[in-house]
Structure formats: C-alpha cells, structure tokens
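A.B. asks: Given next are the chains, with one letter for each unit.
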Amino acid sequence: MTEFTTNEMMTVAAARRLKNGAVCFVGIGLPSTAANLARLTHAPDVVLIYESGPIGAKPQVLPLSIGDGDLALNADTVVATPEIFRYWLQGGRINVGFLGAAQIDRHANLNTTVIGPYDRPKTRLPGAGGAPEIAGSAGEILIILRQSKRAFVDRLDFITTVGFLDGGDARERAGLKTKGPVAVITDLGILEPDPVTRELTVTHIHRGVTREQLVAATGWPLKFADTVVETEPPTETELTALRDLNARTAAAHGQDQGSE
Amino acid sequence: MTEFTTNEMMTVAAARRLKNGAVCFVGIGLPSTAANLARLTHAPDVVLIYESGPIGAKPQVLPLSIGDGDLALNADTVVATPEIFRYWLQGGRINVGFLGAAQIDRHANLNTTVIGPYDRPKTRLPGAGGAPEIAGSAGEILIILRQSKRAFVDRLDFITTVGFLDGGDARERAGLKTKGPVAVITDLGILEPDPVTRELTVTHIHRGVTREQLVAATGWPLKFADTVVETEPPTETELTALRDLNARTAAAHGQDQGSE
Amino acid sequence: MAEIVSLREAVAGLIHDGDQVAMEGFTHLIPSAAGHEVARQGRRDLTLVRMTPDLIYDQLIGIGAARKLIFSWGGNPGVGSLHRLREAVETGWPHPLEIEEHSHADLANAYVAGAANLPFAVMRGYIGSDLPKVNPLLKTITCPFTGEVLAAVPSLRPDVTVIHAQKADRRGNVLMWGIVGVQKEAALAAKRTIVTVEEIVDTLEAPPNACILPHWALSAVCVEPGGAFPSYAQGYYDRDNRFYPAWDKIARNRDTFLAWMKRHVLDTANFAEFRRVLAETAAAKEG
Amino acid sequence: MAEIVSLREAVAGLIHDGDQVAMEGFTHLIPSAAGHEVARQGRRDLTLVRMTPDLIYDQLIGIGAARKLIFSWGGNPGVGSLHRLREAVETGWPHPLEIEEHSHADLANAYVAGAANLPFAVMRGYIGSDLPKVNPLLKTITCPFTGEVLAAVPSLRPDVTVIHAQKADRRGNVLMWGIVGVQKEAALAAKRTIVTVEEIVDTLEAPPNACILPHWALSAVCVEPGGAFPSYAQGYYDRDNRFYPAWDKIARNRDTFLAWMKRHVLDTANFAEFRRVLAETAAAKEG
Chain W
1 MTEFTTNEMM TVAAARRLKN GAVCFVGIGL PSTAANLARL THAPDVVLIY
51 ESGPIGAKPQ VLPLSIGDGD LALNADTVVA TPEIFRYWLQ GGRINVGFLG
101 AAQIDRHANL NTTVIGPYDR PKTRLPGAGG APEIAGSAGE ILIILRQSKR
151 AFVDRLDFIT TVGFLDGGDA RERAGLKTKG PVAVITDLGI LEPDPVTREL
201 TVTHIHRGVT REQLVAATGW PLKFADTVVE TEPPTETELT ALRDLNARTA
251 AAHGQDQGSE
Chain U
1 MTEFTTNEMM TVAAARRLKN GAVCFVGIGL PSTAANLARL THAPDVVLIY
51 ESGPIGAKPQ VLPLSIGDGD LALNADTVVA TPEIFRYWLQ GGRINVGFLG
101 AAQIDRHANL NTTVIGPYDR PKTRLPGAGG APEIAGSAGE ILIILRQSKR
151 AFVDRLDFIT TVGFLDGGDA RERAGLKTKG PVAVITDLGI LEPDPVTREL
201 TVTHIHRGVT REQLVAATGW PLKFADTVVE TEPPTETELT ALRDLNARTA
251 AAHGQDQGSE
Chain Y
1 MAEIVSLREA VAGLIHDGDQ VAMEGFTHLI PSAAGHEVAR QGRRDLTLVR
51 MTPDLIYDQL IGIGAARKLI FSWGGNPGVG SLHRLREAVE TGWPHPLEIE
101 EHSHADLANA YVAGAANLPF AVMRGYIGSD LPKVNPLLKT ITCPFTGEVL
151 AAVPSLRPDV TVIHAQKADR RGNVLMWGIV GVQKEAALAA KRTIVTVEEI
201 VDTLEAPPNA CILPHWALSA VCVEPGGAFP SYAQGYYDRD NRFYPAWDKI
251 ARNRDTFLAW MKRHVLDTAN FAEFRRVLAE TAAAKEG
Chain C
1 MAEIVSLREA VAGLIHDGDQ VAMEGFTHLI PSAAGHEVAR QGRRDLTLVR
51 MTPDLIYDQL IGIGAARKLI FSWGGNPGVG SLHRLREAVE TGWPHPLEIE
101 EHSHADLANA YVAGAANLPF AVMRGYIGSD LPKVNPLLKT ITCPFTGEVL
151 AAVPSLRPDV TVIHAQKADR RGNVLMWGIV GVQKEAALAA KRTIVTVEEI
201 VDTLEAPPNA CILPHWALSA VCVEPGGAFP SYAQGYYDRD NRFYPAWDKI
251 ARNRDTFLAW MKRHVLDTAN FAEFRRVLAE TAAAKEG
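Protein chains in written order, with this note's numbering: chain W, 1 to 260; chain U, 1 to 260; chain Y, 1 to 287; chain C, 1 to 287.
Bound conformation, chain W alone:
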C-alpha cells in the first residue's frame, strides 16, 4: 500500500459516499475534489451540479471558482443560477448536497457567517451561499472538513445552516422533510449522527489515527459508536486518480492548489 496523506484519506473517504448515478450539488474546494474523484473512479455517472449553473459538469481539472469556464464547456447544460435553486434544488431533484463549513457542532449544524457576536464579529466569514437551502432541500447531506477544536465547537456563535438543531427529532419538528447530514468526513475519521439523539458519533477512524487524536480535535465530549472500524485505506486506483487530478489541476492553473 502506497503512503497517503490525511487529506487524501479524507477526500477518498468522502468520494466513496457518492453513489454512481446520484445527482450531487457541489460546493467549491474539498466537496468539489471529492465529487470529481468519485466521478473519475467508481461513479462515472454521478451528475454534478454547481450553483453557478452547470448541470452534469465534467471538469477536466478542478475548478478554482464556482463559475470556471471548464464547468460550462463540458456540462450537459448550463442554466441560469435562479433556475438551479428553483427547479433543481428546491425542485427536489438533488440526491446529495456536499457541504464544507468553518465550524460545526455536535448536531451537525454549520457556521459560515461569523465568529463572535454578529454585530461585532471577531472574524467575519464569507456567509451562507447556497448552504441553508441545500441543507433543507437536498435528499441527504455529506459534510467534509478538517477536524480541529477551532472547527468542531461546543457551541456555534451562529447557525448558518441547519443540521439536526438540538438533536432528536428537532429537525423533523422544524418542518424539514429531508434526511439532513448523513456523514461528516474529516482528516481523522468519519462521524455519523446517532439514529436517536442525532449527535455526531465516530464510526470510522482513518489508519494511523488514535481515538485520543479525535477527542483532542473536538470541542465537545466526543462519542464513539459501539462498533468503530478503520476506514478502508485509499486503493491504488483511488490514489492515482486523485493525484492525477491534482497534478492536472496544478498544471492548468499554473500554481500548486494542494491536494484539497
């Protein structure tokens, strides 16, 4: 088995969660890398939709922005942004929404708005983007972000995007009919909501990572599932596809974009 980085493990683990043929609403960055890796490996018929308009995007290299020309040129069709949100997302045609975030809490609520008070923020983050409605309208949600105490916090300063609110059936009671987050894939492992409490619980640990590392990188007392398994390491095929994709991307954009 080839050596691999924690970022590579994270991206591969996230990609595997996308079923072939699924219709996936993709954000730029980690989600886009994972979704395209899925398309280039086990899920050639995955349909990638970017909020800027491309439907069935098949980028040759990873887009740097949500509106890269490559997304349009190789898509099945390109529609206006309002149509993406109205007919395709709210229309109920998206199976999987793929989100990142700056911060997450134990019930998979996400913050991309502010750290600190809203009116006098310590850090002003980019804002909501498409996430609040992706979280409500996509059939299920996959979340991908690196695990750290700064990101996995006990209490969010701001809920930009709904996960399971206070847990239990709070999401359903709020009127949401979609599944919500089904997995949070990090560079250390995979967390899934407990079926009853909906608290994020470790179900997979990546090779070489300890429980202590996971606990130390989490801002709340982290729970582990009864059965925690080691994440299947990246296969040669997966690693090659990911590294080729990243190399093509770096060559095309004239700079090193890293492995995200």
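FYI, nobody ran anything at the bench for these hints, they're computed from the structure.
Treat each hint with caution, since some may be false.
[As the list claims (entries may be wrong)] Derived contacts from chain U toward chain Y, CB cut-off under 10 angstroms, selection only:
| no. | residue |
| --- | --- |
| 1 | Asp68 |
| 2 | Ala72 |
| 3 | Leu73 |
| 4 | Gln90 |
| 5 | Arg120 |
| 6 | Ser148 |
| 7 | Gly167 |
| 8 | Gly168 |
| 9 | Ala170 |
| 10 | Pro221 |
Quick reminder that beta carbons are idealized off the backbone N, C-alpha and C, glycines included.
Position chains U, Y and C relative to chain W; hints supplied.
C.D. replies: Showing chains U, Y and C alone in chain W's frame:
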C-alpha cells in the same frame, strides 16, 4: 384614392395607433395583422412580442398560429412562455397590448369566455388566454374588432378581461395602475373612452359610414364625441403594404386567409 | 431516469386511468403521436391540463377519455372553435366535462411553481375579471412587505407530462429549440414525464445554454419521427396548415368525428400507420 | 433604450451617489471595468448588491464608496477572505458598513421577483438558520391552499444593475453565454442597466433561445474589451488565476491597498490604462 374595404380601413386605422419603437404584445388575427402592418409602414422599430415566446418578431408573412416557426426564426430572441408573462408583461415592459374579443361593453370590458350562463353556456368561447393580464399590465390597450350588435352588447354575460368596469374611476379603484383601453378600432369607426365617464364614445367615423350605421351596430345607446372626424382613408402606401402582406401570407400558407 | 422505449410501452406503463395529464406545446412541437396513443389505449377519466388545448385534446374529449379540462385558451389555432370541446361543455356529450379555467399567465406561473416544488404561485392578475367568481382556486395573497394584494394560484403538479422535442441522445438527454413554450416547466412539474422526439443522435451538439432536459429528470423517451403532425418541429418539417381547417369539418359532426377517429386512430397501430391511412383517405377525397 | 456610449459617460449619467447598485456576475463575466470606473468617479454612499461580492466590491468598500452591502457569499473565489470587506465589518474601516445578509437561493429568487415586477418572492428556505434573526426582511408566508409556511423575501429592484457580456450588435442588443448566473434577472430587475461588452458586431449570430437582452430593455451599452479581467469572458479570454492570490496580498494591508488603488485605478484614465499599468508593475516586481 384607391377603393378599400372596411376591413382594410379597420386594419390601417389600428396600425396607425402603434408608435414607432413601441413594445407591443400581439394576439393572433386582427391585432397581428395591424401590428405587422405598422412594422412594415410607419413603425419599422416597433417591437412585437407574441405570448408563445418570440421577442422582436419580424414575420415575413402573417402567422396562422401564435407559435408559427416564422415568428421564432426572425425574432431578436425566443424565450419560454412563462418568461414572457413574468419578466416582460408583468415586468412592465409592454407599452401597448393589442386585443381582440368576441364581445365588448360600453366600458370596454371584454368577453371571450361564454355567451349565456357560465355553467350552461349557449356558446362556449375559447377562454381568457393572455388577455386578463395584458389588460392589467400593458401600458395601454388597443382593441380591434368588427362592430355589430352581437359583439357590442349592453351587458356582458362574463367579464373575461377588464376595461373600465362600471366606468368613472372604477378601474383605478380596483387597483389597476395602467391606462387600460385607449381606443377601440372597428370596421365602422374608432371609439375612445370619455375622459370622465370612461364610456366608449365615437371619435372617428370611417369614410362612407353613417352615424346611423354605428348606432345600429351597437347594443347600447351609442354616444358621439363633440368633435367627430372622418378617419383619414388608407394611403396608397398603407394599402399596398397591407395587400402585399396578405398576398404573401396567402401564397405561403397555401390558402386565402382574407384581409384580416 | 429515462428509458428509451416505444411510445406504446411508455403510455401503457406511465399513464393510468384517472391521471392528471399535461400534453403541452404552444402550436409548435405538439405531442400528437402521444395524444393518439392515449386514445388508442382507451384511457378514461383523465384530467387533461394544457394552456392551449387544441386538436389532440378535442380528440380525447370527443371520444370520452377526459373527465375534466384545466386550461386557459381552447381553440383550433388560426381556425376557430374546437367543436368536440364545445359540444362537451354545451351539451355534455359524450359525457359532462368538468372545466377548470385560468388565464395564460396563471397557468404559466402555476407550471413554474410546480417545477420549483412550491405549492402556489404569486402573480399580478385577474383584477376586474369574472374568472375568480367561477374558479374558487383563484385566491389572493397579501405581500408581507408592501401590503399589496396579489393573485395566488395553486401550482400545477401533473401526474404525467407529455411533450415532443427535436432530438435526444442515446442516454435520453433531450434538446428542443425554437418556440419552447411551457414545456420545460411542465416536464419538471410532473411526477412522470414522457418525451417523444424526432430522432435519437449520438451527440446533441447543443449550443451554449440550450433548452435541455437531462435524462435523469425524465421517465421515458420515445422516437416518433413526424410525431408533432399537423404541428411542426423546427428544423425538421413545417406545419400542415391545411389540416387545421380540415379538422374543423371533421369535428363539427359527432358521427363524422367518431368515424374519423376509428378509421385513423383507434384502428391504426401507431402514428406512422395513422399518417399512411390519412394520406390514403386524403388521396381518395381528391381522386 | 440603450445608447452605445463610453463607460465614463454611462457611469457619470446613470450611477449616482446613494444609489443601490448591483454589479453581478458568478465568477464569469465580472464587470471589473465598470467597478473601477465607479471608484474612479468617486461615488459615495452606495448600497452594493451582489450574491457573490468579490474583488471589485472589496475595492469599492476599501475606498469607502459603500454605505451598505446586500449579499449572500462574500469571498475571494478559490483563495479566501475579502480583507477590505472583513476589515469594514470587523473594525469599521474606512467607515462602518451596514450588512444585509441573505442566502444564494433568497437573492436569486429576489432578482427573479424583481424582474417579474413582484414585491416579494416565495421560497422554501432558512428553516433552522439564524439568518432570519439578524435580517428582519426574512419573513414567512402561509400557502392559501396547503397551509404550508414558506419563506417570503423582498424582491430586489436595484437603481442600477451593471453586467458584462460577450457582445452587442450596433443597436445595443446584447448576447451572453456560458455561465450566465443571475445577470439577466438582475438586469431586468433594475431601474437602469449598464452592460459592458467585449465587442460590437454587425449581427449577433445567436443560436436559438440564446440569452439575449434587447436594447430597449437597457440604458447603456459600452465597449470594454477585456473588461471582465481578472475574471474571464468565455470565447474571448481565460480567467487570470494568478491575480486572485495576488489580490489577497494587496488587500491584506490598508496602505498597500490604498497605494495600489491610487496607482492602478484612481490615477488611470480607464480600464485599458489600468491593464497597462498593471502589466508594468507586475514586470517591475518580477524584474
């Protein structure tokens, strides 16, 4: 001066009401003939919009249907029908709506729904089409239809499309902000709403037509303006353009479409 | 996920008695072949939806396939009345037809709301019209910001939408162009969607931002060359303008209509055979 | 009715201090030349609207042209923060910036409602989000048919919308393609619209159903070749991916930012000169 028919006079008189550069929402039949005649004579820059989708249509011959291919091929652009009604008509971008009707009353309300009771109609007419919202959203309305007691009735069985309701300021009180009907052009003359009562009042009589003929063709006690003038007869240019258009149309469609 | 199947299979599997069915088209790309196939398979109790019901709905109403019609303008385009529709409404033959009547702007907005998975649409309309008096579904709603009272209409969510388009690729992605009407919205508003196309091609070669329906948003794609006759398919064939006045004569009389339907539609196997029989009867008439 | 004029004239005549201005673009066709011209002419107290404020809004905010920002995602695409936006919000420099914050779906719907001349839009959104707690404009509305409670958001009706497109014909009809974002809706929602284009051509040679804005729906069309730099214009030039990380460095520091703006934007006559000076300073840095 060449001889001309009453239909030709009606079409020419209606065409003249369209200013060059006006954006006009056109129905099939008499309105379409008049609007295209305007485009081919004094108003080359009139913008014709058909509810099926063409914007800036420049048909070579008169369309037989609201969705003829010729409308699309020579248009500035073709959009979806919902966009026509949402962004262009309701959006407030139409200067003139050109309507026909089966029946009209003295306040220029129109019926294209039923003759007789709605639930047991004597005659079932085609229905509303785009007219109710054209009447509300277009800057002003031109109406073109042949004058007869069957069409110009004392009381409509059904108001499909609003004119001035009961007259006076009833239209404004109903919440409509557009002008409403500014002229009804018939084969006998031109009727315009009285500035105060909004009752349709004869302002022009076509050459060779008598007041008695107009009265006899109207189902209510018809009023005449203080000054009634003879409609300027069709010019040679107008007649030639109209006859050429009708001839081209007949040749293209393989049948005589008459002069409407 | 669209399967490329025969029209017979698509109608058999996807359109059921009692369904709400929208066969859309705005004088261009009318799904005539599909309309005939629904008649041929003897569907009953349909609620037919269309902004501009024309010949195919006249046919379905005349043979008694429809229980209800939701529409905004029903006529023979460029000619006049739909006699079978009129007779159903005026005399209840072959059986009473329930009418739910809207304006074009309303139904266009209702399809948009349906495609957007919303329960209703907001529009500025119907002021001063009697239509809300005879259609209790036309309500009002007050803007929470300005206090303006606007029209609220229920969204359309047909059980099945049927449209005709120019072409599809081998995966079932559909491309249409020209006057596209409300077809995309009607297709996306429906639970199930059937698209008949002029041809299947290897690649669509669509221009940027073309009107495309991806295969995974459709239920079935069927090849029916000429399937929009007597309407037209831009880039393929022109409208048969003679058929519309001819239909006026056929449909004026119950018996003439029923005999025509039996000979041309019910007793033929498919649209190609209909076209062959129609050519024969037309030649016989001229001969 | 669109006049084909210089960008300087268009901005001078159509954009006023205190206006609500939407310069839209979804990483493609960003109206950078127009953004610079607004800065150059010293507009003040603007309310800037955009789904995805990027470098040009960072520039306008940093030089103090904006009183308020209406937005849904503000970042340097593919790079990270907009430092001038962040500093305005976090420290009130150069002066406090009022923030009105939405989601993408909300603003997209708000432009659609604006283009449709409606006072509000209805959508299914914001459930469970804190955004309605900090934005009192995010209300709810109850469906009169189903009783479902949905989000109601005010429509956007900018005083001026500014967009960049590929080309216009000599009458001012505009064609754009590729990722067209919300530009058409933003253009039609506005009281006045300025479009900068790569070139003016005799005929647009647009494919069927292309995204076209007719000249009579626009206020001004201005030729600005390369006017979307560092963004791209599909069919004309690629995105300058190096400029975005370079901007991160420029904008991190107030003085560096101000010096850069003075040298490259405020002291240049137009976008062509900006490009020339930028090439010089880049060469100097590498040399």
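A.B. asks: Work down the list of hints and note, for each, if the structure agrees.
C.D. replies: Hints, one by one, checked against the model:
{"no.": "1", "hint": "Asp68", "verdict": "holds (7 angstroms)"}
{"no.": "2", "hint": "Ala72", "verdict": "holds (5 angstroms)"}
{"no.": "3", "hint": "Leu73", "verdict": "holds (8 angstroms)"}
{"no.": "4", "hint": "Gln90", "verdict": "holds (6 angstroms)"}
{"no.": "5", "hint": "Arg120", "verdict": "holds (8 angstroms)"}
{"no.": "6", "hint": "Ser148", "verdict": "violated (17 angstroms)"}
{"no.": "7", "hint": "Gly167", "verdict": "violated (12 angstroms)"}
{"no.": "8", "hint": "Gly168", "verdict": "violated (14 angstroms)"}
{"no.": "9", "hint": "Ala170", "verdict": "holds (8 angstroms)"}
{"no.": "10", "hint": "Pro221", "verdict": "violated (24 angstroms)"}
In the structure shown, a violation is registered for the earlier hints numbered 6, 7, 8, 10, in ascending order.
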